[in-house]
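Undergrad: For reference, the chains in residue letters:
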Amino acid sequence: MKRCTRMSMIFIMTGWFLINPHISAAQKAEVIDFATLEQLIGNQQKGISVINFWATWCKPCIKELPYIDQLAANVDFDVRVILVSLDDVESTESKVNKFIQAKDVVSKVVVLNDIDYNSWIDKVSPAWTGAIPATLLINHETGERLFFERELQQGEIELLVQQLYIKK
Amino acid sequence: MLVKSILLWIGLLPALINDGGYQIGEEVADFKLKNLDGKWVSMSDYTDAKGYIIIFTCNHCPYAKLYEERIIALNNIYKPKGYPVIAINPNDTEVQPEDSFENMKVRAKEKGFTFPYLIDESQQVAKAFGATRTPDVFIVNKENKKMKLAYKGAIDDNHKNAAEAQKKYVEMAVNDLLQGKKAGTNNTKAIGCSIKWKKS
Numbered sequence: 001m002k003r004c005t006r007m008s009m010i011f012i013m014t015g016w017f018l019i020n021p022h023i024s025a026a027q028k029a030e031v032i033d034f035a036t037l038e039q040l041i042g043n044q045q046k047g048i049s050v051i052n053f054w055a056t057w058c059k060p061c062i063k064e065l066p067y068i069d070q071l072a073a074n075v076d077f078d079v080r081v082i083l084v085s086l087d088d089v090e091s092t093e094s095k096v097n098k099f100i101q102a103k104d105v106v107s108k109v110v111v112l113n114d115i116d117y118n119s120w121i122d123k124v125s126p127a128w129t130g131a132i133p134a135t136l137l138i139n140h141e142t143g144e145r146l147f148f149e150r151e152l153q154q155g156e157i158e159l160l161v162q163q164l165y166i167k168k
Numbered sequence: 001m002l003v004k005s006i007l008l009w010i011g012l013l014p015a016l017i018n019d020g021g022y023q024i025g026e027e028v029a030d031f032k033l034k035n036l037d038g039k040w041v042s043m044s045d046y047t048d049a050k051g052y053i054i055i056f057t058c059n060h061c062p063y064a065k066l067y068e069e070r071i072i073a074l075n076n077i078y079k080p081k082g083y084p085v086i087a088i089n090p091n092d093t094e095v096q097p098e099d100s101f102e103n104m105k106v107r108a109k110e111k112g113f114t115f116p117y118l119i120d121e122s123q124q125v126a127k128a129f130g131a132t133r134t135p136d137v138f139i140v141n142k143e144n145k146k147m148k149l150a151y152k153g154a155i156d157d158n159h160k161n162a163a164e165a166q167k168k169y170v171e172m173a174v175n176d177l178l179q180g181k182k183a184g185t186n187n188t189k190a191i192g193c194s195i196k197w198k199k200s
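From first to last, the protein sequence lines stand for chains A and B. To convert, note that position 76 of the first sequence is 76 in my numbering; the numbers rise steadily by one, no gaps. To convert, note that position 162 of the second sequence is 162 in my numbering; the numbers rise steadily by one, no gaps.
For the record, the hints were derived by calculation from the structure and aren't laboratory data. Ideal Cβ placement from N, Cα and C applies to all residues, glycine included. Possibly wrong hints are sitting among the right ones.
[To be verified] Restraint-style ranges between C-beta atoms, simulated for each label pair:
#, chain 1, residue 1, chain 2, residue 2, range
1, A, E156, B, K181, 44 to 52 Å
2, B, Q123, A, P126, 20 to 28 Å
3, A, E144, B, D30, 36 to 44 Å
4, A, I166, B, T185, 39 to 47 Å
5, A, E38, B, A163, 48 to 56 Å
6, A, I166, B, N76, 53 to 61 Å
7, A, Q154, B, P80, 27 to 35 Å
8, A, G47, B, K39, 55 to 63 Å
9, B, A163, A, Q101, 29 to 37 Å
10, B, E69, A, P66, 17 to 25 Å
11, B, P80, A, Q101, 32 to 40 Å
12, B, K181, A, N74, 49 to 57 Å
[What the hints assert, rightly or not] Covered stretches of chain B (in silico footprint by chain A; criterion: 3 or more residues with CB under 8 Å from a CB of chain A, positions within the stretch not fixed):
#, stretch
13, 156-164
14, 179-193
Model the full assembly from the supplied sequences, consistent with the hints where possible.
TA: In structure tokens:
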């Protein structure tokens, strides 16, 4: 009897999530440090990773973000996008989560809680001076990396990813 | 063939000149930029200066705002010691209207800036220094009457809270220079707002 009740509860809850796509789609950004971000990137063995550094207050970042967010849907090979927010960690809920929920962001979003910038900027790319937006592309099979310290245009990011993918 | 390679080199020239700007130890060219009172300011105007703390900053950027008080403090500490702050707004004011000359005046008055706040309308000074973001600091030191780049990078390692900064990079560098030494740490990085370049 008890088991039966529990089972029906699970069915009811599953059904509720299925008919409420908005609730299941609403993602929350995970707060991580730089070492965890390195692990996230390092764990990947195949395909292409796109790591974009942005913030909700950064206008050019917000402009290019949808193009990067839609990347996985717009190419026919394995692309994983990580949107790394540099917003203050205290505003994760009020700014970052609010933004990604309002914009229905589909890619993984993390908030990087590591303000000793000088300790990790060079590890992303020695070419990075620290301005955002900045985007790192990695082909995990060849190890090749491309880095851009500027706003990417619509269509441009797809081309760059295609070029990096073909090179394998 | 020769023409072709010359053309190639001419084509590459701007990239070579702008790539990264001045290196540490390299001689820095003076500039002449308009201050908020309409007067023009150059490094050479400060005849008694031992050097300069040149800070590319602006009105709109949250990082720039967080550092305003610290920039004022730097000028108050180091101007009497021979290293005045010169602030420069490098942003194109059409791309970023909040950084217009009029808004610069408003901001400087609100915050009580004790140093010149210059506008780099052509963005040539920012390009010469290789500035990329706001805030971005370049410490220039006078050596045998030549102006040499002694430090470039961040103000400190904690944009959120000055009191919690572990490494005050600019203070460390100027203190080294004041002791007649080279800056122990002469190149650091920090997150900042990209300079808003003119749309060509």
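Undergrad: Hint by hint, note whether the structure agrees.
TA: Evaluated hints:
1. A:E156 x B:K181: 44 to 52 Å: The hinted range 44 to 52 Å holds for A:E156 and B:K181, with Cβ atoms some 46 Å apart.
2. B:Q123 x A:P126: 20 to 28 Å: For A:P126 against B:Q123, whose Cβ atoms are near 25 Å apart, the range 20 to 28 Å holds.
3. A:E144 x B:D30: 36 to 44 Å: 42 Å, holds
4. A:I166 x B:T185: 39 to 47 Å: Holds, since A:I166 and B:T185 (Cβ atoms, about 42 Å apart) stay within the stated range.
5. A:E38 x B:A163: 48 to 56 Å: 29 Å, violated
6. A:I166 x B:N76: 53 to 61 Å: 57 Å, holds
7. A:Q154 x B:P80: 27 to 35 Å: 52 Å, violated
8. A:G47 x B:K39: 55 to 63 Å: For A:G47 and B:K39 the Cβ distance comes to about 58 Å; the hint holds.
9. B:A163 x A:Q101: 29 to 37 Å: 34 Å, holds
10. B:E69 x A:P66: 17 to 25 Å: With a Cβ separation near 36 Å, B:E69 and A:P66 fall outside 17 to 25 Å, so the hint is violated.
11. B:P80 x A:Q101: 32 to 40 Å: 52 Å, violated
12. B:K181 x A:N74: 49 to 57 Å: About 54 Å separates the Cβ atoms of B:K181 and A:N74, which means 49 to 57 Å holds.
13. 156-164: Our answer is that it holds, as 4 residues pass the Cβ test (under 8 Å) against chain A, meeting three.
14. 179-193: holds (count 6)
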